[in-house]
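Chemist: Take a look at the letters that make up each chain.
Number of protein chains: 2
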Amino acid sequence: MTAIEQTEQLALGTDAQNLLFREARTANSFSAEPVTDEQVQAIYDLVKWAPTSMNQQPLRIVLVRSAEGKQRLLPHLMEGNRAKTEKAPLVAVLAADTEFHENLPRVFPHAPNAKDMFVADDEFRLNSAKLNASLQVAYFILGVRAAGLAAGPMTGFNPAGIDGEFFPDGKQRALVVVNIGKPGENPWFDRLPRLDYDEVVTTV
Amino acid sequence: MTAIEQTEQLALGTDAQNLLFREARTANSFSAEPVTDEQVQAIYDLVKWAPTSMNQQPLRIVLVRSAEGKQRLLPHLMEGNRAKTEKAPLVAVLAADTEFHENLPRVFPHAPNAKDMFVADDEFRLNSAKLNASLQVAYFILGVRAAGLAAGPMTGFNPAGIDGEFFPDGKQRALVVVNIGKPGENPWFDRLPRLDYDEVVTTV
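Residue numbers (my numbering), protein chains in the order written: chain L, 1 to 204; chain U, 1 to 204.
Simulated from the structure, these hints should not be mistaken for laboratory data.
Hints may contain errors.
Note that identical chains are pooled: a pair holds if it fits in a single copy or bridges any two copies.
Below, simulated DSS-like cross-link-like pairs (lysine-lysine); rule was C-alpha separation at most 27 Å, straight line [said to hold, decoys possible]:
| id | residue 1 | residue 2 |
| --- | --- | --- |
| 1 | 171 | 70 |
| 2 | 115 | 84 |
| 3 | 48 | 171 |
| 4 | 130 | 171 |
| 5 | 70 | 87 |
Sequences are here, hints too, so could you generate the full structure?
Modeler: This is how it looks when you write it as structure tokens:
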């Protein structure tokens with residue numbers, strides 16, 4: 001199958017394929033152009049529709065915009081991530097809310113006892129929060145790209161440090177930190193190789 | 001901000017927004033129309049470009065298409081998920097490869113020692129595999145929608161049962177099972193409510 005044949009298998013238009021996947025890249029430098037609250041709200045109001053188990057929606061987002069906020073965040077990042085994060089116009093700390101189940105009676109109303117299974121099993125609840133918030137992290141990254149912005153997702157940080165600083169009640173767990181903005185100078189590294197289909201997919 | 005104003009904040013076209021997020025729904029019944037290998041390959045070759053930490057790419061996919069494959073899978077699903085899965089034209093078991101680090105010298109070649117940090121710490125490796133494979137699960141779900149198909153992702157299954165049946169060497173962990181096809185009769189429930197922006201997002 002050629003690249004063109006592959007593209008034609010998809011209902012999503014080629015421009016959208018390129019914007020979200022083929023041409024989008026992880027940015028490591030950003031221009032000074034601000035990212036507005038309206039842009040973040042539009043991103044959220046798009047990606048909130050993507051699915052989570054039992055509509056759990058455990059993702060929580062702390063937008064770090066101020067210089068004071070940056071100074072709270074930077075010490076917990078790996079040293080190699082600090083300079084670019086300091087310069088990014090907006091940084092999002094994406095976390096899992098381990099108390100998502102408190103919302104289930106409202107967001108999953110047809111199963112009024114759904115909350116109970118999570119009350120009874122803390123490990124199950126934590127694992128479910130992490131899995132579903134991770135799905136939402138991915139939706140959010142694609143949402144940033146859908147807004148015509150570049151995302152620079154990072155896992156190189158001290159989670160306990162960020163959790164202690166931003167989530168002192170212990171109920172949320174940072175999963176990924178994402179720099180957001182328009183790309184700056186020399187924003188990306190060379191494209192890294194991807195695994196082939198046959199390395200990833202088997203059929204039974 | 002009205003819905004139209006929100007939509008206009010985005011670079012992604014309205015049709016693509018609707019296809020991937022606003023109008024796409026989790027399907028609970030499917031038509032008999034097959035899902036081809038070419039469609040799955042086109043989905044993979046689109047979503048493989050989305051980012052993972054250090055290009056880890058831990059997602060592994062088992063496509064369950066045959067009646068024999070279905071009979072191996074169904075006993076490990078929650079009872080309420082069995083009938084619809086049996087009828088789905090294609091089912092994908094999405095798993096995290098806990099030995100993803102073996103590929104790092106090839107897929108993250110500029111950091112030749114990257115593999116070592118995962119050799120040294122099994123828990124770190126497992127957590128990284130789960131987080132990054134979960135991101136890829138979300139990319140895959142949106143890729144199914146990008147192909148004009150409906151996805152029915154499920155976490156209602158016995159993970160140890162699926163892992164024992166499909167990954168007997170113990171190296172992969174099932175995260176989500178996704179039914180894939182064209183929607184059938186009465187394919188979806190009413191849209192469930194989403195959390196408001198102000199419930200999810202704070203700014204510092």
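Chemist: With reference to the structure, classify each hint as holding or not holding.
Modeler: Okay, the hints, checked on the actual structure:
1. 171 with 70: within (22 Å within a copy, 39 Å between copies)
2. 115 with 84: For residue 115 and residue 84, only the inter-copy Cα distance (24 Å) is at most 27 Å; the intra-copy one is 41 Å.
3. 48 with 171: within (21 Å within a copy, 33 Å between copies)
4. 130 with 171: Result: close both inside a copy and across copies, 12 Å intra and 20 Å inter.
5. 70 with 87: Close inside one copy (9 Å), not across copies (51 Å); limit 27 Å.
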